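Protein sequences appear in the order of chains V and U. Each position in the first sequence, counted from 1, maps to that position plus 38 in the numbering used here. Each position in the second sequence, counted from 1, maps to that position plus 38 in the numbering used here.
In short, the hints are calculated from the structure, not lab data. Fair warning: this is a prediction, and the values are worked out from it, not measured in the lab. Take these hints with a grain of salt, some might be off.
[Claimed, not checked] For lysine-lysine, the following DSS-like pairs were computed, each having C-alpha atoms within a straight-line distance of at most 25 Å: (1) U:327 <-> V:445; (2) V:363 <-> U:466; (3) U:433 <-> V:327.
2 protein chains.
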Amino acid sequence: MMHHYNYISEKIISKSKIESAYIFMKTIGIIAEFNPFHTGHLHLIEACKKDLKADHVVIVMSGDFVQRGYPSFCDKYTRTQMALSCGADIVFELPVCYATGSAEFFAKGAVSLLNRLGIIDYLCFGSECGSVDLLTCIADILEKEPANYKETLLKELKSGLSYASARQKALLAYISSSNIPYNKKDVENAFLSPNNILGIEYIKALISSASPIQPYSIKRVGQDYSSDIFTEYSSASAIRSYISANGITDNLSLTMPETCINILRNNADSISNPGKLSALLGYKLILEKDNGFDRFLDINTDLSNKIIANIENYADFDSFCQLLKSKDLAYSRISRCLVHILLGITKDDMEEYKSKDYISPLRVLGMKKSASSLVKRMNALTDNKILINLKNASKILSDDEQEILKKNLSSSEIYGLICSRGPLNEYKLKQIIAN
Amino acid sequence: MMHHYNYISEKIISKSKIESAYIFMKTIGIIAEFNPFHTGHLHLIEACKKDLKADHVVIVMSGDFVQRGYPSFCDKYTRTQMALSCGADIVFELPVCYATGSAEFFAKGAVSLLNRLGIIDYLCFGSECGSVDLLTCIADILEKEPANYKETLLKELKSGLSYASARQKALLAYISSSNIPYNKKDVENAFLSPNNILGIEYIKALISSASPIQPYSIKRVGQDYSSDIFTEYSSASAIRSYISANGITDNLSLTMPETCINILRNNADSISNPGKLSALLGYKLILEKDNGFDRFLDINTDLSNKIIANIENYADFDSFCQLLKSKDLAYSRISRCLVHILLGITKDDMEEYKSKDYISPLRVLGMKKSASSLVKRMNALTDNKILINLKNASKILSDDEQEILKKNLSSSEIYGLICSRGPLNEYKLKQIIAN
Chain V
39 MMHHYNYISE KIISKSKIES AYIFMKTIGI IAEFNPFHTG HLHLIEACKK DLKADHVVIV
99 MSGDFVQRGY PSFCDKYTRT QMALSCGADI VFELPVCYAT GSAEFFAKGA VSLLNRLGII
159 DYLCFGSECG SVDLLTCIAD ILEKEPANYK ETLLKELKSG LSYASARQKA LLAYISSSNI
219 PYNKKDVENA FLSPNNILGI EYIKALISSA SPIQPYSIKR VGQDYSSDIF TEYSSASAIR
279 SYISANGITD NLSLTMPETC INILRNNADS ISNPGKLSAL LGYKLILEKD NGFDRFLDIN
339 TDLSNKIIAN IENYADFDSF CQLLKSKDLA YSRISRCLVH ILLGITKDDM EEYKSKDYIS
399 PLRVLGMKKS ASSLVKRMNA LTDNKILINL KNASKILSDD EQEILKKNLS SSEIYGLICS
459 RGPLNEYKLK QIIAN
Chain U
39 MMHHYNYISE KIISKSKIES AYIFMKTIGI IAEFNPFHTG HLHLIEACKK DLKADHVVIV
99 MSGDFVQRGY PSFCDKYTRT QMALSCGADI VFELPVCYAT GSAEFFAKGA VSLLNRLGII
159 DYLCFGSECG SVDLLTCIAD ILEKEPANYK ETLLKELKSG LSYASARQKA LLAYISSSNI
219 PYNKKDVENA FLSPNNILGI EYIKALISSA SPIQPYSIKR VGQDYSSDIF TEYSSASAIR
279 SYISANGITD NLSLTMPETC INILRNNADS ISNPGKLSAL LGYKLILEKD NGFDRFLDIN
339 TDLSNKIIAN IENYADFDSF CQLLKSKDLA YSRISRCLVH ILLGITKDDM EEYKSKDYIS
399 PLRVLGMKKS ASSLVKRMNA LTDNKILINL KNASKILSDD EQEILKKNLS SSEIYGLICS
459 RGPLNEYKLK QIIAN
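For reference, chain V alone in the conformation it holds in the complex:
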């Protein structure tokens, strides 16, 4: 039924290490933000689990800062509880450098983490097109850059097209000249929708890491992720707007599982406060303006200069993004850049992590009691040990992984400053173990 372009490496044979009892168990991995968890997420987990007859669901989730360049709506522990209450068996923290990175870094960081777990069979995601074959076809060309494709790409770039346009043109030319069963409209539509684009990045990351994990996609249900319409399948963005305006009301049951509403109610002090975020960012801009900002990830000299020139008009985070955005610089790109400044995420950091295959500490934010068998399998299958108790970090993690963990912890401390509960000492927290 599904036709997968063949990129699977010999790594798959390492699976033979598994104890025979587990050999037929299927585990799906999902990369997510759950910001907050809603019925669309529940549908994704349930549909993929059913379709693939999977036994376990492993989540790689952004911590306290998310990919659009903003603090998460509520903290990572609250979102972990939500996921565990809705079908996830175990939740790993995606390091903040990847979680707040471009779509490519986000995908490469998350896929690298899934790869390192050693037990994931499928990477499942929702997409607007719902066709993993179409997305895999595109990802395969983009990642491998066959000669015909590359030729057209370079020609179009030389003629003055933007990278995105040149790439699309080269893709279309390559596909129409090949024996590939997709047409212009399929490809154009694929690039129109954010979950398709992210899906392509996931598959590119699977290919480039020669991963044994299979991609699997279901058609996304409900509103576009940035829609503000509040319905049965609202976007996370619509839910955030609704809660900001109305609080945590019973109406949310239209669009969020009851358990998640209750978890949010019990953790309302973990919801982030945009006013405090604005104060922190303004302060950091004042502290750093004499040094410029181009050492931070994604910020070139032009943007750094633009930031410096506009600091005197800084009022708050949102209006500053509006002030800086332009035809060439999307709001979300700027927002991400500002979060890199806030958290001190630099180009040098990312270069180093990249050169080390997007390493991560394999840190568990929470798990079901029953997932201890999963942890055993993961620990048996690879050299990368699962970090459940932070106190074991120095024993289990490499120096680089400890560096990344430290950045995650300090980012979460900063997050604590902008929500009403205040900073947490994660070393002193009780593990989230759900029934």
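Since chain V is already given, all that's left is putting chain U on it; use the hints.
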């Protein structure tokens, strides 16, 4: 009537430069915070003006951060308007490094600024004892350290007494062996009250700078400065507590001039928000913890280590001061240290300013229309030019003064982040010129 110990230098003759028309005009200087302005402040201005038959009142006022190591209750422009509405002719900004310094640095910085104006006849202040003679006597001994005094001081220090106790013992011994008409009780009482102690520092600063300015003190009326009792002469602290709890109500007319209540009402968005302050400080502590804190003013290695060891328990500014305080470290000392961290005020900065006679830009925050004659006199009498319009800063100020100004401006930007009005661009503000 008043007997002043003779410390006045030959500098006084420089006054002969004044145009003859002004020769009999008297100008008093007052060093203040007006945090906020209350009836006690009004009483000080009116009583001193009347007693000394003064024509003009010049204020040196802390900017947006005050000596107890905290943001001012409302911003410097609001407090400037209050002062101008209650008898002040012109208000100068005391640079933030002195304004948030120990009593000694606060006094030396402010007196240096008054000296540089060239037209101040009296430095007026309220004190609990009301006797400028007693305070001058004590200040003179402490500043000049006569041989007898110093001998006892060193002996007592060697015997293990704290500096404060040894100093008091040596003072008493010196006074009882001299022909000085004060007794043990007078001296002990002088050191019991905060305004007396500040008065002694003012006079020490006058002596050490060989200032032509005469000290003058009236007895302070009303509550102790830290009292929380709300009466006709409430302390600024009681007024702040009252407003925080009750808002800007008509009851304030018991203890604040009507004009000041109206000014505060019109500038309610300039009142600082402790929650945002707490977030900024927490963030700075997280950013700097790996470097330690001992390069900041007043912070030794012990305190730096204590801060680092306690960061994991940081919840907010106030509770962090409570956590760090000890028998040897008063709350206000710690609060001041934390503000030095927040604003980046270092030991090196202060050493440099100190070595340059506590230089300041002579920056006017606001003035009465009629004070332009005062400005002319000040500009005629000294080489230090009065800065009314920030745009002239690079023309008028030395490099060092520009450095200090820059620190004031960035501190005020930081202040803007913690009040609801947001940061101001001071270069674009209209001058405060009152009728």
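Honestly, which of those hints from before does the structure not fit? When the structure is compared with the hints, none of them turns out to be violated.
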